[in-house]
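Numbering of the sequence shown is given in our numbering, commencing with residue 1 and proceeding in unit increments.
Read the hints as simulated data drawn from the structure, not as lab findings.
As the structure is a prediction and not an experimental result, all values here were calculated from the model.
For each residue, glycine too, the CB sits at the ideal point set by N, CA and C.
One thing to keep in mind: the hints can contain errors.
Below, simulated DSSO-like cross-link-like pairs (lysine-lysine); rule was C-alpha separation at most 27 Å, straight line [said to hold, decoys possible]:
#1 Lys411 <-> Lys520
#2 Lys520 <-> Lys277
#3 Lys520 <-> Lys404
#4 Lys507 <-> Lys404
#5 Lys520 <-> Lys507
#6 Lys277 <-> Lys43
#7 Lys404 <-> Lys277
#8 Lys411 <-> Lys507
Simulated restraints on C-beta separations [as the list claims (entries may be wrong)]:
#9 Met532 <-> Trp476: 44 to 52 Å
#10 Val394 <-> Asp97: 55 to 63 Å
#11 Ser275 <-> Gly395: 33 to 41 Å
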Amino acid sequence: MSPVLAGVLQLLALMVALALAYRPLGDYMAGVYSSPKHLRVEKWIYRAIGANPATEMRWPAYLRGVLGFSLVSVLFLYLLQRIQGSLPGSLGFSSIDPDQAFNTAVSFVSNTNWQSYYGEQAMGHVVQTGGLAVQNFLSAAVGMAVAIALVRGFARSRTGELGNFWADMVRGTIRILLPIALVGAVLLVACGAIQNFAGIHPVGQFTGGSQQWNGGAVASQEAIKELGTNGGGYFNANSAHPFENPNGLSNLLEIFLILLIPLSLTRTFGRMVGSVKQGYAILATMVTIWIVFTALMMWTEFHHGGPAFDIAGGATEGKETRFGIGASSIFSVATTLTSTGAVNSFLSSYTGFGGGIALLGMQLGEIAPGGVGSGLYGILIMAVIAVFLAGLMVGRTPEYLGKKIGTRQIKFAACYILITPALVLCFTGVAMAMNTPANSMTNSGAHGFSEILYAYTSGANNNGSAFAGLNADTQWFNTSIGIAMLLGRFLPMVFVLALAGSLAEQKPVPVTAGTLRTDKPLFSGLLVGTIMIVAGLTYFPALALGPLAEGLAS
């Protein structure tokens, strides 16, 4: 079987598996967030944290819950790393330096999982399982809660109430993430991923030194790392490490977990707003972009651009032979079009255009299908922009799901889409103008610029994947990328919840002959065009200096 055919067949198998899970999971999640009942374990949690799950919250109260909980999470994870040297199960590792502890705490709480450290050489069992793995669950649950609050904003009328953050966060963790992650972890162990609390073991002596490996609760962390679109690896090699991702079957399972919830949330959205066709329209937009990006990535990596490529059958440098070019391309697109950040190959070794596709995937806002929760609310913001543009073209007040999109709503949407590009481009420009950050680049020229552009794109978009080749473990990068992750995660949530509150206060607008049908293919096409135009106009100059220049020169 040719490598190209193998890659296409894996893509088709993945699409079939996602299609089979789409409806039952989407309906189940709609039921979870709509049910008036609370499980016994949930009631225990509410008592422990002093929350009343029956209390409805307006958007300022919901936002205070999100920010307050996340702030406490950052402080807890920061302190856990700072005292690691005194904890049992530290494997002899010392406490983490302040700048790196700050970066890592913000990274995992913001669902970014950017790592400027070697996991197997820095973090002990307690920090890995009691700190990082816990945040993999909680940060994903927070993103889902914010998305559901926005959905309620569209579904409700004449009220500013968006639900209860504590109930949404707890339900997302207990009823959705934990059960699926448990099944995923068992399947990964069956595929060969390790799951233990072993210490450090030497595995052999070699010329010039020795080699050793760590044990750890890897499979359980790997499952939620992918399911929650987190991405932080137990080992520095991330999902290219055989302990995390042993073979082709586990690789396909991990891609499935990455895409499962973000795609299924469109069904949840349709059910909660009372029209599954609206969910299908959003799903069609996501899937169109995902398939096009995957096809382009596979073409650029299989494309024969010289004798070395002809002999190898494509751009094999930096890719694991047990996966091949096809599976590596599918994985890289899945992670950069979501907020996962996991990698099973060395992105810096991709072709110039391949690296550009990965960059552009994040710069779209990671909405095809995007992160757990963040992908849904991100694409709904773009849908608001799309209907506004359509309204301008026909000369009438735009409407979406029976809600008028007026000045207030479009201001919230505009602020949302401007935050991340401002963070990426400003930090990249400052870093390139300074001597110290530039000295961290392994490569010069267009590829070196791509390394820094990728780092801030990954941080501000809460992706977490690394282009590699950049020494990011410096005070400048730990601090600046930490700030970019923090602002890139929580500032957009302010405008998402403010928009949700303003929509929930409106009364429904009746459908007329002039209303744009947002459940038709025409709207999906308009939405795809809006996404590509907004991202293209924003990032094209930066992309032209980096991956495009490199690709055209090769």
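>> To test your reading of the hints: which numbers does this structure violate?
In response: Per hint list: 6, 9 and 11 violated.
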